[in-house]
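Which chain is which? The protein sequence lines are H and A, in order.
In terms of this note's numbering, the first sequence opens at residue 1 and continues consecutively.
In terms of this note's numbering, the second sequence opens at residue 1 and continues consecutively.
Hints should not be assumed to be uniformly reliable.
[As the list claims (entries may be wrong)] Think about it this way: if two alpha-carbon atoms lie no more than 25 Å apart in a straight line, the pair counts; the simulated SDA-like pairs of lysine to any residue are:
1) H:Lys57 <-> A:Lys83
2) H:Lys59 <-> H:Glu154
3) A:Lys83 <-> H:Glu120
4) A:Lys80 <-> H:Glu154
5) H:Lys59 <-> A:Asn122
6) H:Lys59 <-> A:Gly119
7) A:Lys117 <-> H:Arg149
8) A:Lys39 <-> A:Glu14
9) A:Lys117 <-> H:Glu120
10) A:Lys117 <-> A:Val161
11) A:Lys230 <-> A:Val161
12) A:Lys39 <-> A:Glu232
13) A:Lys7 <-> A:Leu61
14) A:Lys39 <-> A:Thr20
15) H:Lys110 <-> A:Leu61
Rather than coming from a laboratory, the hints here were simulated on the basis of the structure.
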Amino acid sequence: MSLLDIDERILDVAALADIVKCPLVDGKEFPQVDIALVEGSVTSDEHWHEIQDIRAKSKVLIAFGDCAVTANVTGMRNYFSKDEVFNRSYRDAQSNDGQGQPPDHFTLLKLHDKVVPLHEVVPIDFYIPGCPPEADTIFYVLAEFLNGRIPNLEQERKLKYG
Amino acid sequence: MPKISVKIDDKDLEVEVGTTVLDVCRANDIDIPTMCHLKGLVDVGACRLCLVEVEGTSKLLPSCTTKVQANQVIHTQTDKLKKYRRMITELFFAERNHVCSVCIANGNCELQDLGYKVGMENVRFPYLFQNCEVDSSHSKFVMDHNRCIMCTRCVRVCSDVEGAHNWGIMNRGYQVRIIADFNVPWGDSTTCTYCGKCVDVCPTGALWNKDATQGSMQKYPQAVSDLVEKREMKS
Ligand code: SF4
Ligand code: SF4
Ligand code: SF4
Ligand code: FES
Numbered sequence: 001m002s003l004l005d006i007d008e009r010i011l012d013v014a015a016l017a018d019i020v021k022c023p024l025v026d027g028k029e030f031p032q033v034d035i036a037l038v039e040g041s042v043t044s045d046e047h048w049h050e051i052q053d054i055r056a057k058s059k060v061l062i063a064f065g066d067c068a069v070t071a072n073v074t075g076m077r078n079y080f081s082k083d084e085v086f087n088r089s090y091r092d093a094q095s096n097d098g099q100g101q102p103p104d105h106f107t108l109l110k111l112h113d114k115v116v117p118l119h120e121v122v123p124i125d126f127y128i129p130g131c132p133p134e135a136d137t138i139f140y141v142l143a144e145f146l147n148g149r150i151p152n153l154e155q156e157r158k159l160k161y162g
Numbered sequence: 001m002p003k004i005s006v007k008i009d010d011k012d013l014e015v016e017v018g019t020t021v022l023d024v025c026r027a028n029d030i031d032i033p034t035m036c037h038l039k040g041l042v043d044v045g046a047c048r049l050c051l052v053e054v055e056g057t058s059k060l061l062p063s064c065t066t067k068v069q070a071n072q073v074i075h076t077q078t079d080k081l082k083k084y085r086r087m088i089t090e091l092f093f094a095e096r097n098h099v100c101s102v103c104i105a106n107g108n109c110e111l112q113d114l115g116y117k118v119g120m121e122n123v124r125f126p127y128l129f130q131n132c133e134v135d136s137s138h139s140k141f142v143m144d145h146n147r148c149i150m151c152t153r154c155v156r157v158c159s160d161v162e163g164a165h166n167w168g169i170m171n172r173g174y175q176v177r178i179i180a181d182f183n184v185p186w187g188d189s190t191t192c193t194y195c196g197k198c199v200d201v202c203p204t205g206a207l208w209n210k211d212a213t214q215g216s217m218q219k220y221p222q223a224v225s226d227l228v229e230k231r232e233m234k235s
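With these hints in hand, go ahead and build the complete structure from the sequences.
Here you go:
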């Protein structure tokens, strides 16, 4: 949602592109697109299938934000085993009543043992790191792609982590 | 001091015998990234970021520990060097856990600045996600091994400038760790004088003041460089 940080410039983007799918324009199927901005890391079977699908249907796939690019805070559970994490959250945390059990139901997504950034699952065409990414950088990258140019964060000194 | 001629990146320079390649470059506006080097501390060539190409030698040489020799021709900005500098930077990020968004040094970190300088938009090596310790046993400071890049500035400032010899190094490879005394919690160290010099020279969010909060830690490595210079002037 940091896309909305570009404020009224979203109108400039809208003049050049149709926003066909986002958390606000929800549809069932992911459509064929020119550019996809994907936030978040891959933590489960559901994410894994989703990113494969988006990759297949996007000409340019942009890893958007530190979680997508590095796993960021979502990757901090990787220092422990999945069981340790589950037991800590559902059973052993001080706030629990001692009766808790890790949930296990076939309708729930299955967490992977390790959280990974997007590029460890599918090829990524462009990276915009940052937590959140800078509004100016987001606008610059979109404007470049939409005008048929390849952006360069290195030359523009627009990189930011955290 | 006698002078010799060297050529660095097509600049013909007259320099004093005994000067390191890095010092010559810094004095002539030639930008070489460094991490373990800090003016005032003994150079150890730990990080390998400052590698340069010297004609006639097939090995890449660390400029911080290599002294210029007469008529050397040195290159500091070749594609090969840029490629290695970016790889080394990525390995720093992949080896331990750099979660900038929740780090004490976010926005004031030499490792972040290095990433920006070498144009690191992502890390192509798989992250190790090691479970690293955070030692908060000291009453004034914290050592977070997640953020340590083993530059050893802390070890050198503590032994050579403060004279306390608290910090040492244990293990090898990815398990290498900075240790207090003979591997005790920092708070139990019998040698630490609480001077804070190691915190000031640490380039990352590994060493910090206990009263700092996310993104608020400012480091002053220059303070140690200045201190050493003043002492040298006196003696
Ligand atoms: S030490 Fe620097 S690079 Fe590492 S997490 Fe902290 S701010 Fe980021
Ligand atoms: S505070 Fe001073 S004495 Fe203590 S470990 Fe750091 S440099 Fe050494
Ligand atoms: S604690 Fe800081 S100064 Fe010491 S080796 Fe690690 S990064 Fe370098
Ligand atoms: S600065 Fe020369 S090896 Fe680190």
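For this structure, which hints from the list above don't hold up?
Hint check: 1, 10, 15 fail, others pass.
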